[in-house]
Amino acid sequence: MTEELRNKAKELLKNKQVELIIGYQRSPDGICAKPCFIDKETDTDLLIWDTYCVYNLSNYLKEYAGRKVGVIAKACDSKSIVVLLQENQLKRQDLFIIGVECRGVVDEKGAGFAQKCKSCLSSNIPIYDYLIKEREQTRKPLEDDDEYEPIRKIEAKVLLERFKFWQQEFKSCIRCYACRQICPLCYCPKCVADQTQPSWFSKAANLTGNFSWNVTRAMHLAGRCIDCGECERACPAGIPLREINKKIEKDIKELFKYQAGANQEQKPFFACFEKSDPEDWIK
Amino acid sequence: MREKDSWEPKITAFLCNWCSYAGADLAGQSRLEYPPNVRIIRVPCSGRVNPLFVIKSLMQGADGVLISGCHTGDCHYSEGNFYARRRFTILKKLLEYLGIDPRRFQMSWVSASEGEKWARVVKELTEEIKQAGPSRLGDNDRIAGEKK
Amino acid sequence: MTQKIIAKEELYKQLNSLAKDFEIIGPKDLFNKGFFYERLDSAQELYLGEGFTTEPVKKFFLSPSEWLFNCQYNNGKNSLEELSLPDKKRIIIGVRPCEARGLILLDQVFGSQGYKDEFYLNNRRRTIIIGLACAKPDAACFCTSLAGSPVESRGMDVIIFAKGDEEFILEIVTDKGKEIFGALGQVLNETEKESHALEKEKNKELVIPKIKVPESLCSIFEDAYWQEVSRACLDCGICTFLCPTCHCFDLVDEQRKKLRCYDGCAFADFTVEASGVNPRPTKKERYRQRVFHKFEYFKKNFGENLCVGCGRCIRHCPVKIDIREVVTNIPVTENK
Chain A
1 MTEELRNKAK ELLKNKQVEL IIGYQRSPDG ICAKPCFIDK ETDTDLLIWD TYCVYNLSNY
61 LKEYAGRKVG VIAKACDSKS IVVLLQENQL KRQDLFIIGV ECRGVVDEKG AGFAQKCKSC
121 LSSNIPIYDY LIKEREQTRK PLEDDDEYEP IRKIEAKVLL ERFKFWQQEF KSCIRCYACR
181 QICPLCYCPK CVADQTQPSW FSKAANLTGN FSWNVTRAMH LAGRCIDCGE CERACPAGIP
241 LREINKKIEK DIKELFKYQA GANQEQKPFF ACFEKSDPED WIK
Chain B
1 MREKDSWEPK ITAFLCNWCS YAGADLAGQS RLEYPPNVRI IRVPCSGRVN PLFVIKSLMQ
61 GADGVLISGC HTGDCHYSEG NFYARRRFTI LKKLLEYLGI DPRRFQMSWV SASEGEKWAR
121 VVKELTEEIK QAGPSRLGDN DRIAGEKK
Chain C
1 MTQKIIAKEE LYKQLNSLAK DFEIIGPKDL FNKGFFYERL DSAQELYLGE GFTTEPVKKF
61 FLSPSEWLFN CQYNNGKNSL EELSLPDKKR IIIGVRPCEA RGLILLDQVF GSQGYKDEFY
121 LNNRRRTIII GLACAKPDAA CFCTSLAGSP VESRGMDVII FAKGDEEFIL EIVTDKGKEI
181 FGALGQVLNE TEKESHALEK EKNKELVIPK IKVPESLCSI FEDAYWQEVS RACLDCGICT
241 FLCPTCHCFD LVDEQRKKLR CYDGCAFADF TVEASGVNPR PTKKERYRQR VFHKFEYFKK
301 NFGENLCVGC GRCIRHCPVK IDIREVVTNI PVTENK
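Protein chains in written order, with our numbering: chain A, 1 to 283; chain B, 1 to 148; chain C, 1 to 336.
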């Protein structure tokens, strides 16, 4: 697959179909991968593709708006490109998406595959211009894997237990905003957390401030988050951010039958409504 | 120390101008009695309410938050309340998931002629918040150096 | 310098007995999250193994957020209300040599010239530091390349060296340390002293020198190199917040109080001026600033690099930017 990837990249740069290719290269430690930006044909040999290619490269696309860019996208990355296109943050004709069928990426904090990969149908790539297929058997998602199992576990706790659980988690938030910076869908030029007139929540890393920040970010991603898992991976405090975003994802799927990142023509979740939306909780 | 007996809930309510606010006004005109714990903020439409308003209220010490708007289909701006309905269904479930008592955030549809419903909604809400007790959310502002 | 050997149990017992007068802070193992400094109820909760804490001990001296003063407005008059500084004495145990050195560098910023920052200095005064020498540096460590060492005791009151699972060798460094730990343990005999010294030398060798800091970076300020190396950067601030020497902060007015909270050159808004102009508009300028502050400006002002080689920025960067690689590969031109 790496061979095919490098050849395609070389071809794209040669034909001037793209000015730049965003892909993965080996990191200085010799084992992991890191993002790389290639604008010369000779550099395409730096490109790699393996299970260490964790990053969601679509995060970088916004910086290169207006230029023709090629990007390597796994199924999860491709979904975030779909959402960015739905929201008119990118122009389709400026992108050349090299889709890659992925067998799962490593969990950098533990062993084995990342949690998000366990229930992913990695050949289901919603958008691409060229597909690099997996030669060997595509790994099937676990038959009985319930991707919402950690959510259900938390839902099953009683209210006070849940409160204590989340207070404990949010206590360690240092408000570094890495979750926001690494998220391809957090692209506001001036984030609500940085606003001072008015100030929506405290900049201090205390419980109220941290709670407000995490709830606000979760709400701003509702119906848009496609579970690339980068936020949780980046968080230095180890906060289980996916368990917040996936809770909203689960509610939206169950109550509204909506899934983010399905196709470019789909309307964003909060920009539409159905007459039959649930309101049994409203007095 | 029976401090708790003297505690009165503070409830922030966002009322849409055309229906709920008028309904609350009617309740007043009709001299209907209901608890005074609700602080009303008038907004043009329930769709104007940003989830941040709810979060900020709760974090600054509100014991409860209510959003009240026109019945679906009757919105003065045609669809504002449909968007609000979607938005706050998600917020409600999220807050509950994060351990905030679901009684503290509620929504209601109160039309301009439903003065009695308004009084009833506020009565029930205040009672529920009284049961839920004072909110501990705003207590966590204390960081190093602050005098208590 | 007194060198003693002490059983873990004895050390823990002493810490527990000190808990009534001191706040005991040390690393805790939070399993899949990593190791974090926390206030401990009992010494049993301590983690004194090989793993490195995510956050450096700096946060107990330069607080991630603190109120500086209150403003009052009563009867048409403004007044400032000073807040009392915390006075509870503390013992922080498990501090690595690199972090302790980081505190010495921060002392330069907050206490050496001009304005003396009482918030920081008060925290320094009320704390006793028990350092933990590194038994096993990891691939990201590079303290020895920056005049540091995994076994030095600069900046500490006491330093302990793990010996197996049940014992520590203890070195008393300052009088403060002697007061609380002076009576513990048995003095090492000559053989033990020798083998301890050898052990220390061996550990120093384990740190691989992987950075070469040029004398001066000024000549390549305008180089296109900075564009290249900052491309992958996310401006996330993790490197700044986890660095034992980074110290930039923001002052914010909130609810009639003045808040000081962490900030960093990594953030786009850090240098936004009142007019809206931002002299560091892109990642290139911001990443270059980080490198220059650490390896050029601080060196010119205070004589040392503002980096202790702890490796946190490398371990936790979400996109694996390695500052050693960046600095070593700087295309410094020869001075003509």
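Bear in mind the hints are in silico, worked out from the structure with no lab data behind them.
A hint or two may mislead.
As the list claims (entries may be wrong) - A few chain B residues facing chain A, derived, Cβ under 8 Å:
1. PRO51
2. LYS56
3. GLY99
4. SER108
5. VAL121
Stated by the list, open to error - In silico lysine to aspartate or glutamate, DMTMM-like type, Cα no more than 25 Å apart, as pairs:
6. C:LYS283 x C:GLU222
7. A:LYS157 x B:GLU79
8. A:LYS153 x A:GLU254
9. A:LYS16 x C:GLU228
10. C:LYS283 x A:ASP43
Claimed, not checked - Here are the in silico distance ranges between beta carbons for each label pair:
11. B:ASP74 x C:SER84: 55 to 61 Å
12. A:LYS253 x C:PRO209: 36 to 42 Å
13. B:PRO102 x C:TYR12: 42 to 48 Å
14. A:GLN197 x C:ALA7: 43 to 49 Å
15. B:ASP74 x A:ALA156: 34 to 40 Å
16. B:PRO102 x C:ASP175: 54 to 60 Å
17. A:ASP29 x B:ARG136: 26 to 32 Å
18. A:GLU134 x C:ASN122: 58 to 64 Å
19. A:GLU11 x B:HIS76: 56 to 62 Å
20. C:ARG256 x A:ASP29: 48 to 54 Å
Bear in mind the structure is a predicted one, so any value in this text is a computation, not a measurement.
Even glycine gets a Cβ: it sits at the ideal position worked out from N, Cα and C.
Here's how the hints hold up against the structure:
At about 5 Å, the closest approach between the beta carbon of PRO51 (chain B) and any beta carbon in chain A falls short of 8 Å, and the interface hint on this residue holds. Using the Cβ-Cβ criterion of 8 Å, the hint placing LYS56 (chain B) at the interface with chain A is satisfied: the shortest such distance is roughly 6 Å. Because the smallest distance between the Cβ of GLY99 (chain B) and any Cβ of chain A comes to about 3 Å, under 8 Å, the interface hint for this residue holds. Taking 8 Å as the C-beta cut-off, the interface hint given for SER108 (chain B) holds, the closest approach to chain A being about 4 Å.
Residue-level restraint check for VAL121 (chain B) holds (minimum Cβ-Cβ distance to chain A is 6 Å; threshold 8 Å). Using a Cα cut-off of 25 Å, the hinted pair LYS283 (chain C) and GLU222 (chain C) holds, with the two alpha carbons roughly 14 Å apart. As the CA atoms of LYS157 (chain A) and GLU79 (chain B) are separated by approximately 36 Å, the hinted pair breaks the 25 Å bound. At most 25 Å may separate the alpha-carbon atoms for a hinted pair to count; LYS153 (chain A) and GLU254 (chain A) meet this at roughly 17 Å.
This hinted pair checks out: LYS16 (chain A) and GLU228 (chain C) have alpha carbons roughly 21 Å apart, not beyond 25 Å. Taking the CA atoms of LYS283 (chain C) and ASP43 (chain A), the gap is near 22 Å; set against the 25 Å cutoff, the hint holds. At roughly 57 Å, the beta-carbon separation of ASP74 (chain B) and SER84 (chain C) lies within the given 55 to 61 Å, and the hint holds. Distance hint check: the CB atoms of LYS253 (chain A) and PRO209 (chain C) are about 53 Å apart, inconsistent with the given range 36 to 42 Å.
Checking the proposed 42 to 48 Å range against PRO102 (chain B) and TYR12 (chain C) shows it holds: the Cβ atoms sit about 45 Å from each other. The given range of 43 to 49 Å is broken by GLN197 (chain A) and ALA7 (chain C), whose C-beta atoms sit roughly 59 Å from each other. For ASP74 (chain B) paired with ALA156 (chain A), a C-beta distance near 38 Å keeps the hint of 34 to 40 Å intact. The hinted window of 54 to 60 Å between PRO102 (chain B) and ASP175 (chain C) holds, with their beta carbons roughly 58 Å apart.
Between ASP29 (chain A) and ARG136 (chain B) the beta carbons are some 45 Å apart, a value that contradicts the proposed interval 26 to 32 Å. For GLU134 (chain A) paired with ASN122 (chain C), a C-beta distance near 60 Å keeps the hint of 58 to 64 Å intact. Between GLU11 (chain A) and HIS76 (chain B), the C-beta spacing of about 58 Å keeps the proposed range 56 to 62 Å intact. Checked against the hint of 48 to 54 Å, the pair ARG256 (chain C) and ASP29 (chain A) passes, with Cβ atoms roughly 49 Å apart.
Checked against the numbered hints given earlier, the structure breaks hints 7, 12, 14, 17 and satisfies all the rest.
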